[in-house]
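Here are the chains, one letter per residue:
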Amino acid sequence: MNKPVAVRQRVLRGVALAGSLVVAIALAGCSSSSSAAPKVPQNLTVAFSQETVDLNPYGSADAQQGLRVVDNQIFDTLVTQNSTTGKYVPSLATKWSQPDSLTWLFTLRKAKFQDGSPVTAADVVADIKFLAASASPLSSLWSTLASVSADSTSVVRIKTTAPLGTMLANLSLLEIAPASDITKSDFGTHPIGSGPFKVDSFTPQSKIVLSGFKGYWGGAPKLSTLTFADIPDESARLTALKNGEIGVDWVVSPDQVSVVSGNPDISLKESDSDAYFFLWFNASQKPFNDLRVRQAMWYAVDTKAVTKNLYGAAGAQMTSPVPSSVFGSSTQTPYTYDPSKAKKLLAAAGYPKGFSTTIMLASDSAPLIQQQAQAYVSYWAKVGVTVQIQAQPTAVWLQNLLALNWQMELQENFATTGDADYTLGRLYTSAADRTGYKNPKLDALLSEARATTDQAQRKTLYAQAGKIIWDDAVGMFPIQERDTYAVRSTVKGFVPSVTRAPSFLTVSIGN
Amino acid sequence: MSEQIEIDPTGILGSGSKSRPTKATIRERRKRRIWPALIPVGVFVFFAIFGPLIVPFNAISTNIVERLRPPGSVMANGSIAWLGTDQVGRDMLGEVIAGARLTLIMAVATIIIAGIIGIVLGLVAGYFGGWIDNVIMRLADLQLAFPGLLLAILIAGVLGPSVRNVVISLAVTRWVTFARLARSSALSVRKLDYVSAARLLGASHIRLLGRYLLPASISPLFVLGTVEVGSVVLSAASLSFLGLGVPPDQVDWGSTIAAGSDYLLSAWWISTMPGIALAGLVLSVSLLGDKLQARFSAARSR
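The listed protein sequences derive, respectively, from chains C and R.
In terms of the working numbering, the numbers along the first sequence are unbroken and rise by one, the last being 511.
In terms of the working numbering, the numbers along the second sequence are unbroken and rise by one, the last being 302.
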């Protein structure tokens with residue numbers, strides 16, 4: 001009686017032991033094979049050449065590149081632009097249609113904000129209304145907004161007073177945030193979006209720490225943390241890159257490329273860019289309210305030499321108020337380098353001995369901006385115009401810029417949407433009053449171009465608008481840029497972006 | 001008749017040929033020789049005053065075709081850039097010399113203004129004593145409670161970059177040392193017999209201060225001024241380095257070093273050349289100050 005039971009028990013025990021041994025070996029085998037390659041911590045620190053003063057996409061810094069670079073990780077827009085084809089593809093909106101020329105319908109996908117609440121049409125409605133009413137640099141894009149409403153929790157209806165050819169371009173810049181948060185006063189330091197990274201902390205002039213948002217609709221990012229370090233001094237950035245303290249540095253100024261080229265751990269990537277420089281004249285006060293003075297200042301400067309000697313291959317002389325790659329760009333008659341003509345124009349305008357003025361710029365905000373300004377000052381001194389350079393910190397510069405508290409100002413600018421409306425249509429209207437220059441004919445051309453959906457017609461209109469801006473020397477348009485990014489070899493999957501705001505969704509740290 | 005007339009009470013004439021100088025005396029004398037320290041300072045002053053006439057320099061005029069050329073390069077017009085060119089093509093030799101002039105102007109102006117304020121306040125405090133002395137010295141203590149350079153940065157930041165504002169902010173932070181020295185000198189001199197005699201004869205306070213106390217304290221104050229020059233030059237360069245010194249249309253050593261800091265690994269000469277000049281000047285001025293101090297205290301002790 002005992003023997004068969006004992007045998008069965010022993011067999012069962014043996015099987016159990018063998019089975020557990022097999023399982024144990026299998027488990028050990030699995031864990032040893034995965035621990036043979038230690039996981040590299042997925043923490044990336046990057047540094048961008050422009051300072052981020054604010055993260056609020058509806059505030060006074062909303063057109064600033066420093067803001068856009070970080071906000072692109074935190075927020076989503078309804079559509080995004082494919083930089084190679086120029087076409088607009090779905091992002092938070094899955095499809096859209098136009099029932100009539102004044103109405104647009106957008107269907108939202110199921111997505112969550114970083115605080116867990118769902119993205120609804122009510123949020124989009126509140127965001128559009130808020131931006132249009134905000135009087136911030138981007139709000140003028142929405143000047144023809146008639147109404148926006150939620151047809152359902154996932155359908156948004158936007159109505160305009162006139163056909164808006166740039167609806168998709170405008171929406172590619174509208175960061176979607178929860179309706180309840182956008183009115184909070186600390187929204188700029190604790191923004192919440194639906195993008196792949198959420199904000200852990202924002203220390204202005206120090207760093208911005210983002211962490212991966214696992215619930216992102218496009219898939220969780222590979223990085224667990226992404227830190228934007230604020231290092232305005234370029235050589236400090238490059239040193240940090242060489243030490244491995246940061247993984248990506250952009251934009252590398254043409255003078256500094258030699259510092260990292262040839263370094264085996266760093267690769268340099270070049271990219272087309274929608275970045276360019278302009279120099280505005282404040283046409284609301286003397287002496288720049290006189291066309292002859294503005295033109296004289298342009299004739300006095302040899303922009304070709306400045307482009308070639310300061311930027312080399314990283315810059316090209318502009319022939320239009322928007323870079324040549326932008327839709328709506330058209331070649332204008334160049335201002336040749338002619339100091340004697342400049343002197344004649346100044347004398348005709350009543351300044352035979354020249355005059356004194358100032359030029360404002362934000363320090364360390366763009367590659368070689370200070371040297372460019374010094375080169376111009378030198379040329380102007382030769383025709384009798386004494387110019388003092390006022391280099392200011394970015395936040396102060398931005399305040400003065402928007403308050404028209406300057407006589408001339410030099411800055412980098414971005415044709416972010418690849419469409420001339422974003423720069424010409426936004427910055428040069430009388431309503432926007434960004435330069436003090438007011439021209440009703442120009443206003444009419446720009447609003448017509450924005451309202452037309454016939455792209456060929458728009459191109460012609462922008463050519464005419466560009467000619468007015470160029471010939472009237474509203475500003476000087478010297479240089480358009482080509483960017484260099486420096487990336488450490490351990491950073492995988494990084495792709496430069498034409499807008500200088502690359503995505504980090506698919507970036508990871510390898511060995 | 002048998003009075004001993006002291007021919008040389010201060011011993012300036014030296015011991016004469018009465019006895020062979022000992023090795024110790026020779027060493028002492030060598031330590032007090034000031035011309036090794038005076039020569040570099042003299043060279044600096046010469047270049048600061050006459051340099052821009054010999055090597056003309058225009059801070060505004062850029063020559064971007066020739067930018068970032070290394071020292072010894074030949075320019076397109078045939079001239080040689082002995083110290084190279086900077087980031088907008090200006091000749092470094094001219095830039096360093098122009099910087100010397102501006103540095104000299106700022107240092108001398110600062111020392112004079114700080115010196116005048118300090119001497120006046122110090123002599124008044126030492127001479128009158130009492131509550132005047134208290135007030136002035138507490139003011140000095142208040143001043144010293146702030147770290148000197150930080151206070152200068154604060155003032156320059158509020159006033160904005162210009163040569164005048166650099167002088168103001170540096171002078172405001174530096175009068176205290178002069179005041180203290182003047183005060184201690186006044187304290188010791190006012191007790192002397194000839195001062196009391198003058199007072200009895202009816203000399204006014206102003207006369208006593210100006211004609212009696214001031215000349216007695218000039219020597220140590222002069223030495224202090226020399227020593228302070230080095231420190232003032234460094235502070236002025238620091239302010240310019242931070243962008244709070246000279247405006248962008250003028251150059252001095254601090255602003256040149258700051259502009260070259262982006263190029264330390266590529267165009268190292270932009271920061272290094274003014275840096276060497278700055279270090280050399282501060283060292284030789286300090287050395288000169290030391291020598292003068294040794295000379296003066298040796299003369300006093302004899």
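No wet-lab data here; the hints were simulated from the structure.
Bear in mind the structure is a predicted one, so any value in this text is a computation, not a measurement.
A portion of the hints provided could be inaccurate.
Simulated DEER-style distance windows between Cβ atoms [to be verified]:
{"no.": "1", "chain 1": "R", "residue 1": "261", "chain 2": "C", "residue 2": "133", "range": "40 to 46 Å"}
{"no.": "2", "chain 1": "R", "residue 1": "138", "chain 2": "C", "residue 2": "258", "range": "53 to 59 Å"}
{"no.": "3", "chain 1": "C", "residue 1": "285", "chain 2": "R", "residue 2": "145", "range": "31 to 37 Å"}
{"no.": "4", "chain 1": "C", "residue 1": "83", "chain 2": "R", "residue 2": "261", "range": "30 to 36 Å"}
{"no.": "5", "chain 1": "R", "residue 1": "28", "chain 2": "C", "residue 2": "258", "range": "50 to 56 Å"}
{"no.": "6", "chain 1": "C", "residue 1": "217", "chain 2": "R", "residue 2": "61", "range": "53 to 59 Å"}
{"no.": "7", "chain 1": "C", "residue 1": "214", "chain 2": "R", "residue 2": "261", "range": "40 to 46 Å"}
{"no.": "8", "chain 1": "C", "residue 1": "289", "chain 2": "R", "residue 2": "40", "range": "33 to 39 Å"}
{"no.": "9", "chain 1": "R", "residue 1": "154", "chain 2": "C", "residue 2": "325", "range": "46 to 52 Å"}
{"no.": "10", "chain 1": "R", "residue 1": "61", "chain 2": "C", "residue 2": "89", "range": "48 to 54 Å"}
{"no.": "11", "chain 1": "C", "residue 1": "244", "chain 2": "R", "residue 2": "70", "range": "40 to 46 Å"}
We put the beta carbon where it would ideally sit given N, CA and C, even for glycine.
Evaluation of the provided hints:
no.: 1; hint: R:261 <-> C:133: 40 to 46 Å; verdict: 45 Å, holds
no.: 2; hint: R:138 <-> C:258: 53 to 59 Å; verdict: 57 Å, holds
no.: 3; hint: C:285 <-> R:145: 31 to 37 Å; verdict: 45 Å, violated
no.: 4; hint: C:83 <-> R:261: 30 to 36 Å; verdict: 35 Å, holds
no.: 5; hint: R:28 <-> C:258: 50 to 56 Å; verdict: 55 Å, holds
no.: 6; hint: C:217 <-> R:61: 53 to 59 Å; verdict: 58 Å, holds
no.: 7; hint: C:214 <-> R:261: 40 to 46 Å; verdict: 42 Å, holds
no.: 8; hint: C:289 <-> R:40: 33 to 39 Å; verdict: 55 Å, violated
no.: 9; hint: R:154 <-> C:325: 46 to 52 Å; verdict: 47 Å, holds
no.: 10; hint: R:61 <-> C:89: 48 to 54 Å; verdict: 51 Å, holds
no.: 11; hint: C:244 <-> R:70: 40 to 46 Å; verdict: 30 Å, violated
Going through the hint list in order, the structure does not satisfy hints 3, 8, 11.
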